[in-house]
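> Protein chains in written order, with this note's numbering: chain P, 6 to 117; chain W, 3 to 115.
Here are the simulated DSS-like cross-link-like pairs (lysine-lysine), alpha carbons at most 27 Å apart as the crow flies: (1) P:K42 / P:K76; (2) P:K47 / W:K73; (3) W:K67 / P:K47; (4) P:K109 / W:K67; (5) W:K59 / P:K42; (6) W:K59 / P:K47.
The calculated label-pair distances, taken between Cβ atoms and stated as ranges, are: (7) P:K47 / W:N86: 24 to 30 Å; (8) W:E72 / P:E61: 39 to 45 Å; (9) W:P41 / P:L51: 20 to 26 Å.
Negatives, chain P to chain W, calculated, CB over 10 Å: (10) H12; (11) L16; (12) Q19; (13) V25; (14) T29; (15) I55; (16) V59; (17) H77; (18) H81; (19) P87; (20) D89; (21) I116.
Derived by calculation from the structure, the hints in this document are not laboratory data.
Since we're looking at a predicted model, the values are computed, not measured.
Beta carbons are placed, not taken as given, at the ideal position from N, Cα and C, and that holds for glycine.
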Amino acid sequence: GENVEQHPSTLSVQEGDSAVIKCTYSDSASNYFPWYKQELGKRPQLIIDIRSNVGEKKDQRIAVTLNKTAKHFSLHITETQPEDSAVYFCAAAISGNTPLVFGKGTRLSVIA
Amino acid sequence: EAQVTQNPRYLITVTGKKLTVTCSQNMNHEYMSWYRQDPGLGLRQIYYSMNVEVTDKGDVPEGYKVSRKEKRNFPLILESPSPNQTSLYFCASSLEVSYTEAFFGQGTRLTVV
Chain P
6 GENVEQHPST LSVQEGDSAV IKCTYSDSAS NYFPWYKQEL GKRPQLIIDI
56 RSNVGEKKDQ RIAVTLNKTA KHFSLHITET QPEDSAVYFC AAAISGNTPL
106 VFGKGTRLSV IA
Chain W
3 EAQVTQNPRY LITVTGKKLT VTCSQNMNHE YMSWYRQDPG LGLRQIYYSM
53 NVEVTDKGDV PEGYKVSRKE KRNFPLILES PSPNQTSLYF CASSLEVSYT
103 EAFFGQGTRL TVV
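Generate the whole structure from the sequences, applying the supplied hints.
Printed below as a string of structure tokens:
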């Protein structure tokens with residue numbers, strides 16, 4: 006089955022700097038890669054996703070890149086703000102076929 | 003308002019006393035699933051359901067049961083809870099499996115003593 010590795014487990018950045026979180030997956034058939042953000046005491050919520058027919062997707066300060074050959078994808082947050090502090094989870098799946106497999110999460114702290 | 007509702011939010015129980023955590027969604031989603039979240043281990047899937055009367059084991063199903071008698075409800079049953087089932091539990095639903103956004107419930111923090 007699918008296995009998703011996520012790094013780093015914790016990340017601290019200064020406000021205004023960029024943050025990058027990386028994930029690798031094992032199943033080359035996976036084609037759906039969402040990212041979820043979980044603020045302290047809250048439920049996970051989808052922030053961005055990418056499908057294997059595109060290499061990059063952006064939404065304001067957030068971008069996700071996908072390298073299918075290397076089987077890794079990354080979340081990029083630019084101009085970080087204190088409200089970006091949260092745990093971020095990547096996931097991978099075969100769209101419409103298999104359940105999401107989540108990485109172990111990255112705790113991002115943005116220091117003002 | 004589109005939502006996934008779990009109850010209870012907090013529960014403290016004793017070893018061996020059967021309990022049920024309810025989950026209900028109002029979005030007519032086909033797919034529902036249960037996760038447990040433990041520090042350093044992320045979100046691990048317990049069980050999932052592709053549709054009514056169709057359920058499958060996830061990665062950590064031992065000690066849990068589920069049922070899907072109606073599309074909107076997907077209860078999680080712990081027949082004989084043990085301390086290692088102390089965790090934060092999330093129910094989630096989506097239109098289809100791994101195709102669109104998964105909506106999570108508020109979470110249930112369970113403590114088994």
